[in-house]
Amino acid sequence: MAATTVVTSPISQIADATRVSGHVEASRSGIWVGIFAIIMSFAALTSALLVRQGSGEWSHIVIPSILYANTLILLLSSVTMEMSRRALAKSAGVTAWIGITLLLGLSFVAGQYLAWRHLAAQGLYLATNPNSSFLYVFTGMHALHLLGGIAVLVYLLGRVIGGYTSLRPHLLDNTAVYWHFMGGLWLYLLFVISTRL
Amino acid sequence: MEQTQPQSVHVHAPPEGFLWKYVFSLDHKVIGKQYYGLALIAVFTGMILSWLMRFHLVWPNAKIVGLDLISKSGAPGGVITPEYYLSLLTMHGTLMVFFVLTNAPFAGFGNYFLPIQIGAEDMAFPRFNMMSFWTTAAAFLVLVLAFFIPDGPPISGWTAYAPLSAVGSDAGPGLGWGQNLWAISIGLFCIGQLLGSLNFIATTLDLRTKGMTLMRMPICTWAWFITSCIGLLAFAVLLPACLLLILDRMAGTSFFIPSGLVISDRLQNHAGGSPLLWQHLFWFFGHPEVYIAILPAMGIVSHVLVTSMRKPLLSAKVIIYSMISIGFLSYMVWGHHMFVSGMNPFSSLLFSFPTLTITIPATILTLIWLGSLYGANIRITAASLFALGFVSMFVSGGVTGFFLAQPSIDIYLHATYFVVGHFHMVMGVAAIFGILSGTYFWFPKMTGRMMNETLGQLHFWFTFIGTYCIFMPFHYLGLVGNVRRYASFIDDFMPALMPVHRFVTIAALITGAAQFIFLYNLIHSRFFGKPATDNPWDGTSLEWSIPSPPPWNNFGGKHPVVYHDAHQYGVKGEKGDFIMQDSPETAAG
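Here the protein sequences line up with chains C and E, keeping their order. FYI, the numbering for the first sequence is 1 to 197, going by the numbering used here. FYI, the numbering for the second sequence is 1001 to 1589, going by the numbering used here.
Some chain E residues near chain C, calculated using beta-carbon distances under 8 Å:
#1 Leu-1205
#2 Ala-1236
#3 Leu-1239
#4 Thr-1253
Hints are computed from structural coordinates only; laboratory data are not their basis. Note that beta-carbon positions come from the ideal geometry of N, C-alpha and C, so glycine has one too.
Please model the entire structure based on the sequences and the hints provided.
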């Protein structure tokens, strides 16, 4: 579907220069706007937690310790994400760094799955009590959003294997912004579930 | 003039084949029309549901031929049961609020005209745009499916108050799979609107053409931009709320269902949930939703009025600032829907104050419209009549908001027809007038043909007088204590009010029938209307600088340069008493 058109009229040349940067800017704005919407969703869930806590049947649960290991993995993946951005600037080693980031991301999701298995082994399911409900909802929603980031990483890896020239830097920059946000969001959620649940 | 190297621009190629041209199109104009078409189907469905409700209210035992074919249990022998009345009520509200009032003025017209008005060839993310529409269309199909399942549509109202909406089929018909479909549909709708809002915001911020500063954007572009900001926050909250509702219904969690709830002699296996939590989450979305419906209509009406009056509005800037403050305040007032919910009375006071405050920017808007009209030699067209009708409805419906904003009065009026009258006029009918005004105004641009003016004005007078006849009496009914949501009043304490109800029903049938004049005009003009020129209304904004209908890439591969704001009317220009936004000429008095 996509085609490349070269526009040559004098006025258009100037307008087009802003147009190309406009699309780059738009994708950056898009990421931030999307992040804002996700923050709103989790703020709503947090307020739901506070209200639900006030209405009773609330009992403390110990969160699985593997969540702390997962946290380290996710934070490490943010570092490797930055390394891949630097690698793209130097045009060297970008495949490896994106690959490592992807692997770390997948390890985090696998780790979250182990945490759910651990909870289930204790008899704590989604509907067991409000605390377990919120634990599953928070971790599940975060994992779902992270899988979105993982899908983009897979796409980027495909592009980068196809050759550096086909990977526009702003794509990786925007993915990095989202990925770091996922890390930040997870730290917030970990704080909430470890202090409130 | 600064020299730059030619740049290669990635634009999508003209689509080929029916499927890519009209179904899975990436073109914002096709997507805009798709949204409009979906809203058209939804509005006529919703209207027929309202006919059924009005009919049942005054002739509760009358048989409606063929209705039993749609629902055997809901209308045995064609007679609507009280429960089915509630199903109709739920579906009417859901269809109208989500699929009409959100889809047409915001997603429909916004998609079509926002990129053109800022001089862009498409939205920032055309694929997201297509996904946004098809997610919304899927949401519509899922919702309508509820009519055709044995369980029937839900009976919990468009607000789906918990615990009724959360407990399942024990509580009545439609609360099994009907309510599941409702929750899934609204969840999908949220995703569609989030994608759409994201697109609108990024497009407005970053794809404006050279010279199109923010303050030079037409007022309706501003309205769509502000609405997309509101929508982003509102639907981002309704989505997790729907998720929690689905979990309560399908996974056995207890977010909204309290302990010890016995329904139909059965103790519900839930504990500790908070029904008020649903109301807080829902209305945090629900009140801004009112502005998602009305702000684009305000923008469209300002745009139509300024073009029809042939002189600038008193202050376009103040209109924009007022709309921004309405958008901002809309997030602080949700509790005014919950004065009778059992919420702490002190909270009611806190919510009452910003609710009264929001009337200030709303009043400023009205005064600017009316003040600008003073001394104007307005061109009377169907579009400008509907714009004036909007102002009338907005004032008449808005004035009752002052009453309802005060908890002490709301406690008496909340469960009565007074509230129904209020929100139908200020949100429903006013926004519909905005949509209709926009339709008559932009139809020539969208199709290259004019609509029939005589039929358009006939449609206006029927609709204008008709809607007043329907909704004004609601206020009086409410004041004498006529409760809402009841399926009939025959054996109740309301028989004395039945003549009023009969009058309303007859008015509703006539006003509804008049909408078929519009439908005929719309379809007939599409194929046989008089050919339209590029700028039939002598407008100044960029959509009038391109052919009618616009080519697939809007500006034919060129990019306009903008020199003025969109309010250059009443001046001496080359083409008449106006100067186009992309014309370098300067106003000469």
